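Novice: Each chain, written out:
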Amino acid sequence: MDLSPNEKRLLVLLEKVKTADPSALAAEMGVSPESVIQYAYLLADRGLCRVEKEVKTTYSLTEEGQRYASEGLPERQLLGSFNEKIPVQELTRHPLARIGIGQMKRKGWVVVRGGMVEKTGKDAPGEDELALRDLSRGGPGLAELRRRNLVTENLETRYRISVTPEGLDWARRGLDMSEEAGTLTREQIVSGSWKGLKLRKYSLKAPPRKIYPGKIHPYQRVIEEMRQILLCMGFTEIYGGIVQSAFWNFDALFQPQDHPAREMQDTFYLKETLPLPEGYERVRDMHLFGGNTSSTGWGGRWSREKAEQCVLRTHTTCLSIQHLATHPEPPVKAFCINRVYRREAIDPTHLPEFEQLEGIVMDRDVTFRHLLGFLKEFYHRMGFPGVRFRPGYFPYTEPSVEPEVFVPSLGWVEMGGAGIFRQEVTAPFGITHPVLAWGLGVSRIAMLRLGLSDLRLLYKIDIGWVRETPSWLHGPDTGVGGQKCR
Amino acid sequence: MPVIRLYYRYLEKLVGTDRETILANLPMIGSDIERVEEDHVDVEFFPSRPDLFSVEGVARAMRGYLGIETGLPRYSVTPSGIEFSVDPGLATIRPYLGSAVIRNVKLDEESILSLMGLQEALHWAVGRGRSKVAIGIHDLDAVTPPFRYMAAEKSHAFVPLDFDREMTLDQILDEHPKGRAYAHIVSDFPRYPLIVDARDRVLSFPPIINGELTRVTQETRNLLLDTTGTDERAVATAVNIICTALADTGATVQSVTIGGRECPSLAPSERIVSSDDASALLGVPLDSTALSSLLEKMRYGAGPAGVSHVRVLIPCYRADIMHDWDIFEDAAIAYGYGTFDAEMPRTFTVGAPHPVMAIYAVAREVMSGLGYQEVLPFTLTNERVLATKMQRPLKDSVLRVMHPISEEQTVVRTDLLPLLLEMCQLNRHRELPQRLYAVGDVVGGTHTYPRAACVSTHAAADFSEAYAVADAFCRELDVAVSVEESDDPAFIPGRRGNLVSGGKTVGVFGEIHPAVLNAWELEHPVAAVEIDLTAVPGYPGQQGTP
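Chains as they are written, first to last, in our numbering: chain A, -14 to 471; chain B, 2 to 547.
Chain A extracted, bound-state conformation (with noise of 0.2 Å):
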């Protein structure tokens, strides 16, 4: 058994005084009469010594008590300040009037009667009074006081501290009491006098302070794993404005200009309008007949309007074609994971922005067997081993496919979309080679990760749900760690 050198100080003068209040002993100890009582309760603890602690009710006179102590209450210095009887609106302009009138009828030392107080000539001194003279008459004089707030109850509490038998013994069998240091100080450490130093030792039961680090968000954290990934793989990022028109939202992805996903209650629209690039007619055309290709186009009209207008991005496809636009030389190979905007109430797995992880590589020679391949890889190394392909259908990508993966806890689970670009969208801006796109939803597999069932969690955040999950983030439910690439 460890005791502290305060415990064995403390334990010293009892063996001398056997029992003291804890005042005595710190006028002894030369500490807070408060440090005394945590000491005797820790040695106490041990069963050497014995806290006995005594809680007595004592009473006193509140400020406004004292004065009517002295003075009287209202109602006698009232009584006092007429002779048999008195009009009552003339008592009214006594300043006790407002007490003391009320008291005096509820005693029956007077009545109103008549617009006149009268007085009864009862006016012996009541309990009240009693108890005000002298407050420790108690009973019911007292309650009334205290009821009228001239008297306030003090809860006073006495400590008893006595050695125990076993306490003596120990404290007779000696102790060591020699100093013990709380800190170490560099003068210490400097002169090597540490070496007869000793430290006071800290219980480990007690739990550490809890603090919180400086962090990247948990969700923040997916993106960035997946960025890595596909860094790793070789793709370049890329990235753009969250205001794009029409024209690069849909148009040029060959989107009909009478979509439903093109109507305003899917889609944030702008009043703001941006130019079309050089060569729009291309894309033009295309929507109308196919342009050169051996596609037979939307037909219908095609409104220069409905291009120009502005729109908050639905998906970030539309930074990939301006991407592919500007690069039509093979090889590319490119992604951007941002935020996009679809026009959704916000509920527990719909959101108005979220976020898109893009990709796209255009090559030579490349396959619906490589999209394929690329969407495995990737789901393998989010942590995903069962990956599995269904037929899908989105107006850019022919052929097209839903990546879906396996969740123990919930089969399988969509993943989002990919395809080949079609030529329809491709042809117009003279890129002649097939492009792999995907466009993959990054919040699903973030609530994966960081086991989440209600999508707002991720924005609108409690940030001590932050502050309590891990910045090590292993893998989803699968029991498969993600493959980190560093």
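Careful, some of the hints might be misleading.
To be verified - Taking lysine to aspartate or glutamate and the EDC-like style, the derived pairs with C-alpha atoms no more than 20 Å apart in a straight line are:
{"id": "1", "chain 1": "B", "residue 1": "K107", "chain 2": "B", "residue 2": "E220"}
{"id": "2", "chain 1": "B", "residue 1": "K14", "chain 2": "B", "residue 2": "E121"}
{"id": "3", "chain 1": "B", "residue 1": "K179", "chain 2": "B", "residue 2": "E121"}
{"id": "4", "chain 1": "B", "residue 1": "K179", "chain 2": "B", "residue 2": "D165"}
{"id": "5", "chain 1": "A", "residue 1": "K361", "chain 2": "B", "residue 2": "E344"}
{"id": "6", "chain 1": "A", "residue 1": "K200", "chain 2": "B", "residue 2": "E366"}
{"id": "7", "chain 1": "A", "residue 1": "K256", "chain 2": "B", "residue 2": "E408"}
{"id": "8", "chain 1": "A", "residue 1": "K361", "chain 2": "B", "residue 2": "D342"}
{"id": "9", "chain 1": "A", "residue 1": "K256", "chain 2": "B", "residue 2": "D397"}
{"id": "10", "chain 1": "B", "residue 1": "K396", "chain 2": "A", "residue 2": "E257"}
{"id": "11", "chain 1": "A", "residue 1": "K291", "chain 2": "A", "residue 2": "E248"}
{"id": "12", "chain 1": "A", "residue 1": "K186", "chain 2": "A", "residue 2": "D161"}
{"id": "13", "chain 1": "A", "residue 1": "K183", "chain 2": "A", "residue 2": "D161"}
{"id": "14", "chain 1": "A", "residue 1": "K256", "chain 2": "B", "residue 2": "E384"}
{"id": "15", "chain 1": "A", "residue 1": "K200", "chain 2": "B", "residue 2": "E432"}
{"id": "16", "chain 1": "A", "residue 1": "K(-7)", "chain 2": "A", "residue 2": "E19"}
{"id": "17", "chain 1": "A", "residue 1": "K195", "chain 2": "B", "residue 2": "E432"}
{"id": "18", "chain 1": "A", "residue 1": "K291", "chain 2": "A", "residue 2": "D270"}
{"id": "19", "chain 1": "A", "residue 1": "K200", "chain 2": "B", "residue 2": "E477"}
Just so you know, these hints were derived from the structure itself, not from any lab.
If you're wondering where the values come from, they're calculated on a predicted model, not measured in any experiment.
Assemble chain B onto chain A, guided by the hints.
Specialist: Chain B only, in chain A's frame:
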């Protein structure tokens, strides 16, 4: 997307196999299974395949995919001798008409519901909410041919479906539920489209409502189809899809004469495709024979035309075949997406982060090192957050979305700092100190700019802390700044500064104004910094990202 209800009993009968096989293969022909129930399954098909919006269409595709019946389904059409004329007045209103007669239909409650379901799904996918195409199905025996598609006076009256009294066309638009729902399509027209029989009885007021006269019931034996619209190809597609679905139930399709032409023909169209192109696209070697047999599974008529070409007959109900690759996708589906030997592309390139993203990454690292915790606020916000609560004027360059979903999200953020204060408000119950930062895009005009901002709130947060953090951040990002007095009303006068770089104000820092703290219901001082990261050396371009 429309959800199609498929009852197993009928589906099994049409396909000729058990439900387990069908359910296992449905996703592999291109659909999302919504719900599997005791007696039916609800399936969502892609909008590119309206021919799968009926149980007959699904069964037809499934028989091919499973190899039960492959190749082009043949449909014969005989002339009905019925004439259907189109008034020239419709040219500027709703010019195109398609029609057909379908005889010997056997309808029960289920098949009427199924037919109505197909009709509604087509209205959505092909008809774009009836504006492009609208379909009416009538009891042929209740009316007398020839029929006439005309532009009628708005005062013309008839008894619309589900009503028992005559109403004028305008009344229908005002009072009938369908009228109110679709009035916007015709409201600008001087006259309204109307279909009448030889005795001027009204069959239909397209695209709004049919007449009660030709209501289809379980007793109906012969049907007349009218399809009107603004796009000739879409009108024809809708006719073909309905006719082939009904023909698959055993009914007989007959053509109607419209302007001297017989409609529909239900004949396939033809394309010659290259099996080399298909091999190159899909990455599996396919000769013309192999490609042909894959396409036959997808219900094309297909046969080798030489060693490297295939002559493809495209069924009349396929609306989505615009390009050779559309056919190759079907070959891939027939091949089986699960069968492909997935292989990583061998394209060698050297990866590189985008400079803006690289700057963001370092900004995060520095802010984290300074003890700040990252948060990811939304980009969409509102004027109260950006301006009112900040005591700032709303910037002229702010972008307003035209049809916001809620009052909370009406503009695109022009600054990050207000969103960080909002975050502090949301986290008032959390332990102090709170040091939060955000890096991300803001928008001004049509340009996007990168920003970083941070807030620190605790009892001792003050100007000195903000100044020290701004200074450290700028040093770490190698932004050469000088500091001058700021007049930003979000901060306390005398406790605020602007960061100036290259003669331009690129940031602001200081102690947040107590009135702003009150507005955000914050009880402790806040030291804050916001900086425009276009000032960071190496930022590509000077004007933000268009």
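Novice: Take the hints in turn and mark each one as holding or not.
Specialist: Comparing the hints with the structure gives:
1. K107/B - E220/B: holds, 8 Å
2. K14/B - E121/B: Violated, at about 24 Å.
3. K179/B - E121/B: holds, 13 Å
4. K179/B - D165/B: Distance ~15 Å between K179/B and D165/B Cα, so the pair holds.
5. K361/A - E344/B: holds, 9 Å
6. K200/A - E366/B: holds, 8 Å
7. K256/A - E408/B: Roughly 18 Å separates the two Cα atoms, so the pair holds.
8. K361/A - D342/B: Judged against 20 Å, a Cα distance of about 11 Å means the pair holds.
9. K256/A - D397/B: Given that 20 Å is the threshold and the Cα spacing comes to 14 Å, the pair holds.
10. K396/B - E257/A: It holds: about 16 Å lies between the C-alpha atoms, which stays within 20 Å.
11. K291/A - E248/A: holds, 11 Å
12. K186/A - D161/A: It holds: about 15 Å lies between the C-alpha atoms, which stays within 20 Å.
13. K183/A - D161/A: Holds, at about 12 Å.
14. K256/A - E384/B: With a Cα-Cα distance of about 17 Å, the restraint between K256/A and E384/B holds, given a limit of 20 Å.
15. K200/A - E432/B: Holds, at roughly 16 Å.
16. K(-7)/A - E19/A: holds, 17 Å
17. K195/A - E432/B: Holds - the C-alpha atoms of E432/B and K195/A are around 11 Å apart, at most 20 Å.
18. K291/A - D270/A: Holds. K291/A to D270/A sits at ~15 Å (cutoff 20 Å).
19. K200/A - E477/B: Given pair K200/A, E477/B holds - Cα atoms ~17 Å apart, limit 20 Å.
Hint compliance for this structure: hint 2 is the single one not met.
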